[in-house]
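Novice: Residue numbers (numbering that gives the first Met the number 0), protein chains in the order written: chain A, 0 to 419; chain B, 0 to 419.
Since the hints were made in silico from the structure, they are not lab data. Check the hints yourself; a few may be wrong.
Because identical chains share one entry, a pair is satisfied inside a single copy or across any pair of copies.
In silico EDC-like pairs for lysine to aspartate or glutamate, Cα to Cα no more than 16 Å straight-line [to be verified]: (1) Lys93 / Glu145; (2) Lys93 / Asp146; (3) Lys283 / Asp307; (4) Lys201 / Glu403; (5) Lys123 / Glu221.
2 protein chains.
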Amino acid sequence: MKRPRVVVVGAGFAGLQAAKRLGNRPVDLIVIDKRNHHLFQPLLYQVATAALNPADIASPIRRVLRRQANTEVILGEVEEVDLKGRAVKVDGEKLSYDYLILAAGATSSYFGNERWEPDAPSLKTLSDALEVRHRILIAFENAESEDDEQARQAWLTFVIIGGGPTGVELAGAIGEISRHTLAADFRWIDPRDARVILVEAKESLLPTFGSGLGLKAQRRLEKLGVEVLTNTSVVEIAATFVRVVSDGVETQIETKTSIWAAGIQASPLGKALGVEVDRSGRVKVSQDLSIPGHPEVFVIGDLAVVIDEPLPAVAPVAMQQGRHVAGNIARNLTGLPSTPFAYREKGMLAAIGRASAVAELKHMTMSGWTAWILWLFVHIFYLIGFRNRVIVMLQWAWAYVTHERGARLITGEHRGRSGR
Amino acid sequence: MKRPRVVVVGAGFAGLQAAKRLGNRPVDLIVIDKRNHHLFQPLLYQVATAALNPADIASPIRRVLRRQANTEVILGEVEEVDLKGRAVKVDGEKLSYDYLILAAGATSSYFGNERWEPDAPSLKTLSDALEVRHRILIAFENAESEDDEQARQAWLTFVIIGGGPTGVELAGAIGEISRHTLAADFRWIDPRDARVILVEAKESLLPTFGSGLGLKAQRRLEKLGVEVLTNTSVVEIAATFVRVVSDGVETQIETKTSIWAAGIQASPLGKALGVEVDRSGRVKVSQDLSIPGHPEVFVIGDLAVVIDEPLPAVAPVAMQQGRHVAGNIARNLTGLPSTPFAYREKGMLAAIGRASAVAELKHMTMSGWTAWILWLFVHIFYLIGFRNRVIVMLQWAWAYVTHERGARLITGEHRGRSGR
Numbered sequence: 000m001k002r003p004r005v006v007v008v009g010a011g012f013a014g015l016q017a018a019k020r021l022g023n024r025p026v027d028l029i030v031i032d033k034r035n036h037h038l039f040q041p042l043l044y045q046v047a048t049a050a051l052n053p054a055d056i057a058s059p060i061r062r063v064l065r066r067q068a069n070t071e072v073i074l075g076e077v078e079e080v081d082l083k084g085r086a087v088k089v090d091g092e093k094l095s096y097d098y099l100i101l102a103a104g105a106t107s108s109y110f111g112n113e114r115w116e117p118d119a120p121s122l123k124t125l126s127d128a129l130e131v132r133h134r135i136l137i138a139f140e141n142a143e144s145e146d147d148e149q150a151r152q153a154w155l156t157f158v159i160i161g162g163g164p165t166g167v168e169l170a171g172a173i174g175e176i177s178r179h180t181l182a183a184d185f186r187w188i189d190p191r192d193a194r195v196i197l198v199e200a201k202e203s204l205l206p207t208f209g210s211g212l213g214l215k216a217q218r219r220l221e222k223l224g225v226e227v228l229t230n231t232s233v234v235e236i237a238a239t240f241v242r243v244v245s246d247g248v249e250t251q252i253e254t255k256t257s258i259w260a261a262g263i264q265a266s267p268l269g270k271a272l273g274v275e276v277d278r279s280g281r282v283k284v285s286q287d288l289s290i291p292g293h294p295e296v297f298v299i300g301d302l303a304v305v306i307d308e309p310l311p312a313v314a315p316v317a318m319q320q321g322r323h324v325a326g327n328i329a330r331n332l333t334g335l336p337s338t339p340f341a342y343r344e345k346g347m348l349a350a351i352g353r354a355s356a357v358a359e360l361k362h363m364t365m366s367g368w369t370a371w372i373l374w375l376f377v378h379i380f381y382l383i384g385f386r387n388r389v390i391v392m393l394q395w396a397w398a399y400v401t402h403e404r405g406a407r408l409i410t411g412e413h414r415g416r417s418g419r
Numbered sequence: 000m001k002r003p004r005v006v007v008v009g010a011g012f013a014g015l016q017a018a019k020r021l022g023n024r025p026v027d028l029i030v031i032d033k034r035n036h037h038l039f040q041p042l043l044y045q046v047a048t049a050a051l052n053p054a055d056i057a058s059p060i061r062r063v064l065r066r067q068a069n070t071e072v073i074l075g076e077v078e079e080v081d082l083k084g085r086a087v088k089v090d091g092e093k094l095s096y097d098y099l100i101l102a103a104g105a106t107s108s109y110f111g112n113e114r115w116e117p118d119a120p121s122l123k124t125l126s127d128a129l130e131v132r133h134r135i136l137i138a139f140e141n142a143e144s145e146d147d148e149q150a151r152q153a154w155l156t157f158v159i160i161g162g163g164p165t166g167v168e169l170a171g172a173i174g175e176i177s178r179h180t181l182a183a184d185f186r187w188i189d190p191r192d193a194r195v196i197l198v199e200a201k202e203s204l205l206p207t208f209g210s211g212l213g214l215k216a217q218r219r220l221e222k223l224g225v226e227v228l229t230n231t232s233v234v235e236i237a238a239t240f241v242r243v244v245s246d247g248v249e250t251q252i253e254t255k256t257s258i259w260a261a262g263i264q265a266s267p268l269g270k271a272l273g274v275e276v277d278r279s280g281r282v283k284v285s286q287d288l289s290i291p292g293h294p295e296v297f298v299i300g301d302l303a304v305v306i307d308e309p310l311p312a313v314a315p316v317a318m319q320q321g322r323h324v325a326g327n328i329a330r331n332l333t334g335l336p337s338t339p340f341a342y343r344e345k346g347m348l349a350a351i352g353r354a355s356a357v358a359e360l361k362h363m364t365m366s367g368w369t370a371w372i373l374w375l376f377v378h379i380f381y382l383i384g385f386r387n388r389v390i391v392m393l394q395w396a397w398a399y400v401t402h403e404r405g406a407r408l409i410t411g412e413h414r415g416r417s418g419r
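Bound conformation, chain A alone (with noise of 0.2 Å):
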């Protein structure tokens, strides 16, 4: 009897943990990604602030699933979904299914203002953390070299816009980078008078959090020297400023490195679908994650909003959606129905800087050191593949003794201060 054959679209947290869960179960198994590597996203920002290298937090999907006999890797792009013939079509051709799990995650999303995005770049790949990293290393190269005092303020200016985790840990490690990392290293500036703006529209930074862990997180902030804007929304971003209102007075913050962190989407893909999707392109899914009227075609992770019960847009959400679809397939396979998912809720974690952090556990809070060595381990932990966690690990401790950062690099050929 030939074997249904499962495909997984996108190998993020979601996909991964689902094929992970298959692999020894009686299916042919398909995994398809448009990158070869899977990517620890939370520390994604560590790459874009010269912490870690690229390779520290990505593991390549073959290698991942390399003892799965009953798994192939694809390297493509899903560009359609034929949900009554049931079939993909990767990169023109067209690939048949029994079940489908679609785990294409999300996009940065400029709410409608994607002339933005050269000017204030996202956080969503290994490219752009290379490009954040670059331009916040280059802005202090050309601060050192610019004569004219406006100017050079505008280099040592950096706005990040959106308080949420990733904005809160970026602000606190570029902080951390001009107080400690870059503070010797000139003899024209001091790194130590860059402004880091931190722009948030809600009323307080980290508003997925429970409610008083913003406040401490700012707190946090401001002792490392980044002013942070709440309740104050962009208006108007460009090369050389960034512009803010808040209770309707305007302020233009003049800036030559602005870094998005406001907003996502959820990949084209979940619209191309033709079924039901939210505002921000989620697919609406049962309770047992699968489509409504398609009980074979599973959607997970940041692509889905569970109707009714919508959730965060976090790895611990996907990865149990993933093990869950993966269990109902199996469940499914011996003829069982499918179970509905509930979310168990682990915490939420921040880090602010060096030796810093906030989290939100089922019954406390935290913030400060221990609450940083809690994020230190969660984040190791979860981290693929044995050898990145070593390595992570040794980076971190060098770090942590040294204020040192291993990846200072500015690839690519000195362009000159236009070279923006």
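Dock chain B against the given chain A, drawing on the hints supplied.
Specialist: Using the frame of chain A, we list chain B on its own:
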């Protein structure tokens, strides 16, 4: 009294050694480089073959020199040297000097066939290495998804042009990748079917090494499955083939991945000086490494050739020359004349795949495991920055035990087969 200003152009092995030796001298030292990092070029092939991360073999120049209070680092490109006016032009601005140390190094040379560059990239910068890494890894991916048998074989064929140390080390590493690292990762191809072809125009590999070693290297490469073609010249390179000629017979090798490791030429800055240069653009310098008639201008490293006494373009020569000119400047400051440079030859080394190398020392040659251990310690010893050393050691230890490579990343989005 104003202290004399020493300008160093280029922070490779030569320039950096000079700068370090002048750190405690009564001079104002300015180090100019168009990149922000010193690159440990002998290990560049390991980045190209996914064994190491870019940051493992690069150190920010500012960090290396930060403790030197008399030293300023400028990220910029020197466009012109005015020997008569004793000034250099950096990104449009004039900078005068009392002493000048030119150490701008060399780039790849295609011997007049620059049109080959897009199809056979070379290996001089970190960006080059990442490009080569991308091509090697994507070739296996494309082979996996290729239906046409002939095209698949072309994706699995790798041609390295040039049998010097870089070519030998690259060929060994690609042999290693196909035989071991990737062996179990694919479903439709067997990476062990890959052909790795090393082409050398001279009659043996490693022509700058002593006789005998080239043959030993060849035998070790052949054990790894590498096909070595000596006495063979390249007559044409295109996107899908390399045409070679040997003994008057032309052969066309179908390949989608060629890498150029055949020749170097000095930085154009040498020629622009208006003084005597040799065929590959190297500035002819006197025994004390100064330009004849300009005792205040020294040219060192790959940019220089000592009249009547050409030396190989390797790191030890560059480093010794750097230290020597720093000493000469120190002597001049106290009224003493410059002394002639004498190269203390310590030996030549090349690694071949995993746990094998060839070495030529003063009174002996070595090959195999012992040579590899020597290679390992020499490279670790000279690698700049304690942190880099630890990380690299760890990655090598890990790779040695597991046959894994830590940096198997294809960054950027998958662009399909035509994306080459």
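Novice: Next step is simple, just say for each hint if it's right about the structure.
Specialist: Hints, verified against the model:
1. Lys93 / Glu145: between (56 Å within a copy, 14 Å between copies)
2. Lys93 / Asp146: between (59 Å within a copy, 14 Å between copies)
3. Lys283 / Asp307: within (9 Å within a copy, 78 Å between copies)
4. Lys201 / Glu403: neither (34 Å within a copy, 46 Å between copies)
5. Lys123 / Glu221: So Lys123 and Glu221 fail the 16 Å test inside a copy (26 Å) and across (43 Å) alike.
In terms of the numbered hints stated before, the structure departs from hints 4, 5, listed from lowest to highest.
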